[in-house]
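A.B. asks: Residue-level listing of the chains:
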Amino acid sequence: MVKKTLIPIGPYHPLQEEPELFKLYCEGEIVKDIKWETGYNHRGIEQLSEKKTFDQSFFLVERICGICSTSHPFAFANALEEAGNIEIPNRAKYIRSIIGELERIHSHLLWVGLAGHFLGYNTVFMWAWKYREPVLDLFEMISGNRNSYAMFKVGGVRRDIENNKISEIVKVLDLVKRKTDMLVGAVMDDPVIHARTKGVGILTKQDIIDYAAVGPTARASGIAIDVRKDDPYAAYPLVNWKVITAEKGDVFAKAEVRLLEMYESISIIEQCLEGLKKEKEGEIEVKVKDIAEGWGTGHAEAPRGEVFHYVLTDGSNSPARHKIRAPSYTNIATFKKSCIGQTVSDATISLAAVDPCYCCTERMAVAYDHKTGKRILNGKELIALSAEKTQNIKNQL
Amino acid sequence: MNTDEFLKNIKDKFSADVLEVFKKWETRATVTIKPASLLPIAEYVFKDLDCRFIIATANHTKKGFEILYHFSKDNIGLIVNIHVILPVEKPEIESLSNMMSGANWIEREMHELYGIVFLNHPEPEKLISEGNWAEGVYPYRREFK
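Keeping their order, the protein sequence lines are chains A and B.
For reference, each letter of the first sequence is one residue, going 1318 to 1714 in our numbering.
For reference, each letter of the second sequence is one residue, going 227 to 371 in our numbering.
These are computed hints drawn from the structure, not numbers from a lab.
Mixed in with the good hints there might be a few duds.
[Unchecked claim] Here are the simulated lysine to aspartate or glutamate pairs, EDC-like style, with alpha carbons at most 16 Å apart:
| id | chain 1 | residue 1 | chain 2 | residue 2 |
| --- | --- | --- | --- | --- |
| 1 | A | 1447 | A | 1404 |
| 2 | A | 1321 | A | 1354 |
| 3 | A | 1352 | B | 349 |
| 4 | A | 1320 | A | 1354 |
| 5 | B | 273 | A | 1527 |
| 6 | A | 1595 | A | 1477 |
| 7 | B | 352 | A | 1596 |
| 8 | A | 1368 | A | 1600 |
| 9 | B | 234 | B | 246 |
| 10 | B | 250 | B | 230 |
| 11 | B | 288 | A | 1631 |
| 12 | A | 1565 | A | 1610 |
| 13 | B | 289 | B | 315 |
| 14 | A | 1653 | B | 230 |
| 15 | A | 1653 | A | 1524 |
| 16 | B | 250 | A | 1524 |
| 17 | A | 1522 | B | 276 |
| 18 | B | 273 | A | 1491 |
| 19 | A | 1352 | B | 315 |
| 20 | A | 1604 | A | 1344 |
| 21 | A | 1606 | A | 1346 |
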């Protein structure tokens, strides 16, 4: 009889915003089933939000995600402005899009680095994170914070991007563009990365529709959905850009979509900066006195996919009901399709491929024998197993 | 297909089950339906009208338990909310998870937070309160005076 092994991934890691536990049921090296547990740290944010004013809620929703911290305020602002029928000034629209796209760049760089680490390509990890730093520095220059920028409010943004800062942003974008070329060259042309990621963790179009997956996960399977295009908001209808898709649905396709999307983000920011020059400095908000009774369904395209906020308002200064759906909520569930039938050494990259806000590289997994309880592998060893597979492929070439 | 045609399709096909159609503007609409007809209507919206399931929102109001199933028709940017109201005494409704896996987690979550029962759910296990929450206590229920 084949020995069955349970591999728990999670639940705790200080870098994971929310603890979660994946149980991989394996026969030999092959993952046969996967179960997911969460709720270890259910913060009740939806109900907390009802106890706060709209302005306070922005700071609350900004803290849902540590990496893409602006995506929730973005969707929340869209929802409230829809409920209150508020039109914001063009300068605020440009600034919102610039923040959103800078965030996409740093988030995708973070993912590329982690994916490289999972595969045993630590140089990619070092490069990607090194060139993510200047983007975070830009955030510090613009907002005073490297993350959780507190830029959004109902009716506009809190801080202006003064025209004298534009040249500095352009300079960093040029650097990021050159380094993206380098990363694209390193990842897309490497035969070993092809061998490790092509045909691994495939999600078909039908899987995406069935699991309601969004963002780069969906676009890598040939489904061209992107809220920025489908239901345009902020400055996205004012600039030219295209939705990047790939057809294969494997890990390589997801990497391809993210890498190429960074060029689109850079282009969007450049156009927005040009737009800023045409608008008057300081015109960054409209004063909003109150939000009428009603409802708003705001969504925004975060780096990982659509963030969705539904806000029910009752004429008071706080939400009567606030529903939040982060993209990982639907994307994580696709593990059931992408991991089953894979080997354990491919499971790490398949799990990481949907970018589930998942910074836990080192302690991410410990393998126990499910009968004796004896430890078989720890997280480091599991990643070493993945790196070893890459090395074997390299040796064969 | 534009928003008006989209809404007309639902209204024509399920004239007996659709209670109200509210078009807020071109890209936002709510269709209130009888709870018993949720499955065929959701199936029509999901499969025939090619909508993407976004998520569902439950809420406890004076009317009862309200659920909004948010669907998106991406090519026209339309978000359509399928709205049902369930009585507080018997909050039961057919599960959509057998039709689309995307509804699996949110239905379990709504059950744990509001105590709404989803009939024929394929995996009626706890999602977020495994192991440490009291049975029969639903934290998002409200008290009305």
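A.B. asks: For this structure, which hints from the list above don't hold up?
C.D. replies: Per hint list: 1, 2, 4, 7, 8, 12, 14, 16, 18, 19, 20 and 21 violated.
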